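Given the coordinates of chain A, assemble chain B onto it according to the supplied hints.
Line by line, the protein sequences give chains A and B. Our numbering runs 226 ahead of the 1-based position in the first sequence. Our numbering runs 1 ahead of the 1-based position in the second sequence.
No lab work stands behind these hints, which were simulated from the structure alone. Do not rely on the hints blindly, as some may be mistaken.
Unchecked claim - Derived DSS-like pairs: lysine-lysine, alpha-carbon spacing no greater than 27 Å straight-line:
| # | chain 1 | residue 1 | chain 2 | residue 2 |
| --- | --- | --- | --- | --- |
| 1 | B | Lys490 | A | Lys524 |
| 2 | A | Lys445 | A | Lys376 |
| 3 | B | Lys521 | A | Lys750 |
| 4 | B | Lys517 | A | Lys755 |
| 5 | B | Lys533 | A | Lys750 |
| 6 | A | Lys750 | B | Lys517 |
| 7 | B | Lys179 | B | Lys222 |
| 8 | A | Lys750 | B | Lys511 |
| 9 | A | Lys733 | B | Lys490 |
| 10 | B | Lys179 | B | Lys167 |
| 11 | B | Lys511 | A | Lys733 |
| 12 | A | Lys755 | B | Lys511 |
| 13 | A | Lys420 | B | Lys21 |
| 14 | A | Lys755 | B | Lys533 |
| 15 | B | Lys536 | A | Lys755 |
| 16 | B | Lys279 | A | Lys524 |
| 17 | A | Lys733 | B | Lys517 |
Just so it is clear, the structure is predicted and the values come from calculations on it, not from any experiment.
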Amino acid sequence: MEFAELIKTPRVDGVVLHRPFLPTVEGTLCLTGHHLILSSRQDNTEELWLLHSNIDAIEKRFIGSLGTIIVKCKDLRIIQLDIPGMEECLNIASSIEALSTLDSVSLMYPFFYRPMFEVIEDGWHLFSPEEAFKDLESMTDEWRLSEVNKDFTVCPSYPSLVTVPKDIDDDTLCKAAAFRHGGRFPVLSYYHKKNGMVMMRAGQPLTGTNGRRCKEDEKLINATLRAGKRGYIIDTRTIAVAQQAKARGGGFEQEANYPQWRRIHKAIERSNILQESLIKLVEACNDQSNSMDRWLSKLEASNWQSHVKEILTTACLAAQCIDRSGASVLVHGTEGTDSTLQVTSLAQIILEPACRTIRGFQALVEREWLQAGHPFQQRCAQSAYSNGKPRSEAPVFLLFLDCVWQILRQFPCSFQFNEHFLITLFEHAYASQFGTFLGNSAAESRVKLKLSRKTVSLWSWVNRPQELERFVNPLYEPNSLVIWPSVAPQSLLLWEGVFLRWNRSTKFLDEAYEEMVHIIEYNKELQNKVNSLRRQLAQLETEDSPLQTP
Amino acid sequence: IEAIRNTVEQVKLLDRFSNKSTTGTLHLTATHLIFVESNATSILHHHIASVEKLSLTTSGCPLLIQCRNFRVVHFVVPRERDCHDVYSSLLRLLRPVSYDELYAFSYNPKQNEQQRDEGWQLIDLGAEFERMGVPCDQWQLTDVNRDYKVCETYPRDLYVPITASKPIIVGSSKFRSKGRFPVLTYFYQERKAAVCRCSQPLSGFSARCLEDEHMLQAISKANHNNRYVYVMDTRPKLNALANRAAGKGYENEDNYSNIRFQFVGIENIHVMRSSLQKLLEVVGTRSLSVMDYLVGLENSGWLRHIKAIVDAAIFLTKAVTVEGASVLVHCSDGWDRTAQVCSLGALLMDPYYRTIKGFMVLIEKDWISFGHKFADRCDQLDGDPKEVSPIFTQFLECVWQLTEQFPQAFQFSEWFLIQIHEHIHSCQFGNFLGNSQRQREELQLKERTYSLWDHLLSEQQLYLNPVYSPSFAETHPVLEPSTQPWNFKFWRNMYHQFDRSMHPRQSILKNTVMLKENSKELESTVRELQAKLQKFGVSTSPLELHSQQKEQAQEDTPVGSGEERTVEGSSATENGYGEIKGSFGSKSEPAIVSLEFGVARMTC
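Next up, chain B with everything else stripped away, as it sits in the complex:
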């Protein structure tokens, strides 16, 4: 960590849900805000969404900092002048205006150039399409967008039906918002059914485009099993109608042969942004009653939106896997709701995407390469606040909801999802910077920054789901989640990840992970001991036990951190059962126990 700019001592950090506080020293560096007491809390400037100076109190000047990873810190600085200094420094540091100011360009994990390149080569989308079985007799790679001339928010490499000629593609792209014409994103080999994505057609009230109609015809022809193509407009019908007045809109079934048109009703980025805002307001309330919590949860609409996305993904999955039909998904621009539905649908259809590596590939394909506007949505640069929206967060949450229903289907645990979420805002790695592939190339990210995937793979031990069963994929290649409303739960470990008092004090996940790691150590100890015994001429049976693991760990990764298992206590006062009136002298609390596993760790 580089030079410290400001240091303020005797700063109090208040817990937002109890009356507890700790006193320590606050440091401000070029990239981090660091609070040091017995241990250090470090906050990347990029994570800070807002800083607020509250009115002066007797104990000092309060500073309220809200972070994009849902951390809320409340400092009290003894002297107002110090507080103002920190506040104004932060305001300057908070709003980078150019990409060069982002942490990724100064972050150096001490890798050489070759290691960096290898990191970036981990994910290869060409290989991913090959894995799906593309190119094939019906689908081909087109070079039409090699130079980003047809669509600047799409990647260079695109897959289209073999019967879609260049003039058809170009014509179709002119009839679609931002030139985002229908392209392949997932191929369900078993039924030769395709999942395609695009943006809305510029149909207005009556406009039509023969090339676009041909394009859909080509998608239909590419599927011999089922010539119907479902066109899923992921917007509520009302929104789509409103778009018609602006010369955009949706496909008229009369103009396209063999399509089945369907609205699925996911709300737009503005609704989602305010929904999360409401949710966070509710769960951030101190001494919240159950009634206010449930009413607030309902009124925020958050879980309704999550369910709508999952419902849409299930619709997509059924059309493809049960009916063997190809599906074209779009919304308005085709980079928010479309990305959510296509990626979640693929996750339901293809077990590969439920592995650590596969999940990275999925994000790289449906989100990064197809131009989800991470810079705008995650507020990486000082931009338009109306462009900010938790679209990707919702996707991660949908995946979490699925992991709750299918605990053995995913190779990763929720800490993997939370860690990815941490880094869409951290701007520490290059992957999520910018809004499109073209922009990323211009920024020379592969030369100037490091890849998150390499970093996450190097510590994947931390993200493994201990009860993951690879054989689950064989018995359940396609997941069929229940959409009963009670299956959708508030994701406490995401939205309260930094609020220790909310969480179980002992974690089943943490325990199981540690036992599994410990077992690996014991296995090698057994082998060592057996080898020693052999020297004495004692032969022992090879390591074979009654409950021998059915599936040995997939790869030989270094054995655990040797963390001690602790029986954790908890404290009475941080839970706020109610103040004891006229307390007769209270004793000090027992020392705070260690942080819960997986709470996003320091990243400096």
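Next comes chain A alone, as it looks inside the complex:
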């Protein structure tokens, strides 16, 4: 298919662009296969380059022959385009609609994007399971890297290499896979070096209504326990939801069959509820009514902060089991691709200082989200302005980022990255020139779509020194401790950087931040100066008095 077929009117003059907190711009609107571009005739005026894939919804209005298109983006921005001429406006609108909802992945922009920068370090090869396993090997010899899934038949959503207990053979894995939702047999997610405890993740066990059991599954997870030790199974669903799952062939681990494990149920909501929550929250943030009561009740009705609290609490609980109670943990919900990953990845942020560095966080996202098979393409197909019936869209990853931001706010000196880094990941998960978040699993993206050959990795761009600079937290000082966030509602804040980003001017806040950076840099410079003067002086003193020493 040619994009040209979809573009009925490629350019219109005299279009006026309205954006919040920015002056209006008049210029020429151009549509290309992947971008909506507005270029003004004046110099030095900012132009608009908008990816079609960033467009969540559009609305059109007419006053006489002046048409207006309201473009609502997945990054939550809302812009308005006034287009003279009814026909032009209709054409533009229908083109945008078609181009922003392309079904075929291979037509997405990352397959056409050619970087304007030289790729020094290819992000596609930075974080392989082999590398992660090497680190693990240096700490323990109780685990092995299995190739049982090398052709993605045992578990289509797992990567080709997974880490499993050394004493468990591939045969056992296959049988355990048959007993777990989506073939997601328990695999290693995190090894806690401090006490050798581990966190595993899986899909729900397929016990069904008649309480089916699987000796191999039991053997597999028991193999992760030290002699005489017990572990916790954290089921991210309430007991009621887990019970209901039995009727559809799912279920949970029966105590009788897993006597060495204690099961804890939490209440992280499923994807459609999270999507609804996001829509309501953004609606509340865009409400202009100026009434305090209305704002608070809408914020409350969105339930977003409740989801943040529940996810954080569950992650803290998992971390607490591992670090405080010295027990290993298995985490799962239903599929094991959403709430499970929120919990396992956040627990690692809490427990593992390396995950709080920029590189370590990238590795975490790779390991616990991309390779672990979070269906990004389905979940991020639409954002807060989707008005159709949600299919499988859900802000699962955004909630994870929000939780990370909450911890970052509480430990502002313990993270190497800043808020801007998290916002960038949010943007790119929903619309990007990079291939990193395309596809739904390692099998699909790595093999079928050949992403690593045909697209550029987000990490290749992020890790360039010029870009990296923008993501560095100036307050960072490595903190080797476990960081326990407060989950009290008074401690959890609305993530304004995302949800109010387009509704307020941040000029004064940005300037204050600059001043803080300035104070920190000045201090560093002084420190260096003192050090160099001291060295100089010490040198002179030794030169000057060589005979002083007896």
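Just chain B, lined up with the frame of chain A:
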């Protein structure tokens, strides 16, 4: 600290949000309640709002103490008799009936008389009016209240329009509640527009007063730019109407020429008191859910009230700075809502009030001198509980909300606001004692007590906002805050200042302050080293770096306390993620890290 009256050992202090507790010794002195474990917690009796003996438990007798600075302590005393002793001693000590019993009269910071006098002379309101440009050709100082004869709750020195003669003033004062006739409180020199304040007129349904009408006419005439005077009645219209039935009320636009009358709808002291009560109940709940928190926040109405005050101040500011109109503000008595709106409006209009010294002047002018009833509102003596209300707390919170929107506009950080709040209840300094200037003179506070402002200035290093930019005042002399509801946030550091587990474990503010102090030390080290090098004949360039501070610190204050920078951890159990069922033996928690900077410090 003087003699200890009671000492009880093996007392447990429970954390109100977790299952943690510490065991220590409880001491009771004439002025403080002190709990000593590895470090000491000291609570001034004046801060205690209520003491409650709860029903006996197996571990002992619980004693619940709620403080006015939002500290809540929960002790468990092993023996009931000891608990009862502490309880009854506290009850006796808690309710001073005369001013002489207040801490300020026994507090001695080891200053001599001269130092004390200098402390009291720091704030000079005459000089402040001069700074505004008053007296001038349109406004004069009147001696009509020299002896508090016209209005006993006003200060002696008052500024009125030059055309307002004594008979007009006296006549007008008779037509106003408590004699609080219209006087100048802020003069916006740029537009020659005045902010005046008064109490409600005794208009009832039809009464009028020619002198009062003249008074407003005089205010109108004093402004050549705009002859309209806005009259802001800061009450909800319904309240004002109800007052009419009692012979009070509001100005009838038909009787006054050139006025524009406007209600702005701030609720009264009783509504505010119960609003804060509700708020504290909600946020004091253990294992609070997000939904209950947000519903509770909404139902308390607290943030709605805060926003109403800010909205009113913005209205005032726009009338003065944009339209150049003079404004007369009143409520019922003109000492609560009026004080809030006038002072907050001035803060928006005048950058001086956003400095440490200027903020003290502002409080001294609009609150202390104009007779905000601190003694009654802050419950300093055993008085009428219906008079107690967090009016001044609301003002401080409004200022905090503004600092969040304009982080570079204020010289002080929120710890300054919190520290001031601490002392409106502490009764440790004389400034906030009593209800009016007249009463303060009678109490001879300047001779018998010390000034808080002197104390705060001496440790102002602690209250500096590290990112304050004096040049912000030049580019933004008038602040124009956004009033979108999401700009108004729950002030955690005020209402949970003693609940450690609620706060960020690392503070950006604390870090930046320390870096800035450290930089000052380094600067002098560099100079020393350069001097030494010079002795070796090595000349180095003078201290000049790429990112040289644009604005050097305003004054040479002694360099920081040399506090160590610590990477702080936190603990899992105090956060209550949920109990781990059938815990397989838990380990002890790591040692608690140091208290957060700025949590109100011991004041003994």
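Practice problem: Go through the numbered hints given earlier and state which of them the structure violates, listing their numbers in rising order. | Solution: none
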